[in-house]
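Engineer: Numbering of the sequence shown is given in the numbering used here, commencing with residue 4 and proceeding in unit increments.
Simulated from the structure, these hints should not be mistaken for lab results. Idealized CB from N, CA, C, for every residue including glycine. A portion of the hints provided could be inaccurate.
Quick list of the computed label-pair ranges, beta carbon to beta carbon [unchecked claim]: (1) M4 to S35: 40 to 50 Å; (2) L7 to V27: 23 to 33 Å; (3) A40 to A20: 44 to 54 Å; (4) T42 to R6: 45 to 55 Å; (5) N43 to M4: 56 to 66 Å; (6) I8 to N43: 29 to 39 Å; (7) T18 to A40: 31 to 41 Å; (8) T5 to V27: 54 to 64 Å; (9) K49 to A11: 57 to 67 Å; (10) L7 to A40: 46 to 56 Å; (11) G17 to N43: 37 to 47 Å.
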Amino acid sequence: MTRLIAIALLLITGTAALAGCNTVAGAGQDISSGGHAITNSAEEAK
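Let the sequences and hints guide you as you build the complete structure.
Structural biologist: Next up, the structure:
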């Protein structure tokens, strides 16, 4: 029974960690896209 609980906790922790990584990666892509838009606008304004 203890082994089953340990495996379940490991799976839950791993799933949460992977979901967190995907969320952070998505936020990084959004910020990067915003930076590119600002750069392009600045280049056009020159």
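Engineer: Work down the list of hints and note, for each, if the structure agrees.
Structural biologist: Against the structure, the hints come out as follows:
Judged by the Cβ atoms, the range 40 to 50 Å given for M4 and S35 holds: they are separated by roughly 47 Å. The supplied range of 23 to 33 Å is met by L7 and V27, whose beta-carbon atoms lie about 31 Å from each other. One distance hint, 44 to 54 Å for the beta-carbon pair A40 and A20, is violated here, with the actual separation near 31 Å. The supplied range of 45 to 55 Å is met by T42 and R6, whose beta-carbon atoms lie about 54 Å from each other.
For N43 and M4, the Cβ-Cβ distance of about 59 Å falls inside the hinted range of 56 to 66 Å, so the restraint holds. Distance hint check: the CB atoms of I8 and N43 are about 53 Å apart, inconsistent with the given range 29 to 39 Å. Range check, T18 to A40: about 34 Å between beta-carbon atoms, so the 31 to 41 Å window is met. Judged by the Cβ atoms, the range 54 to 64 Å given for T5 and V27 is violated: they are separated by roughly 33 Å.
The beta-carbon spacing between K49 and A11, approximately 58 Å, falls within the hinted interval of 57 to 67 Å. About 50 Å separates the C-beta atoms of L7 and A40, a value consistent with the hinted range of 46 to 56 Å. In this structure the supplied range 37 to 47 Å holds for G17 paired with N43, their Cβ-Cβ distance being about 39 Å.
In summary, the structure is inconsistent with hints 3, 6 and 8 from the numbered list given earlier, while agreeing with the others.
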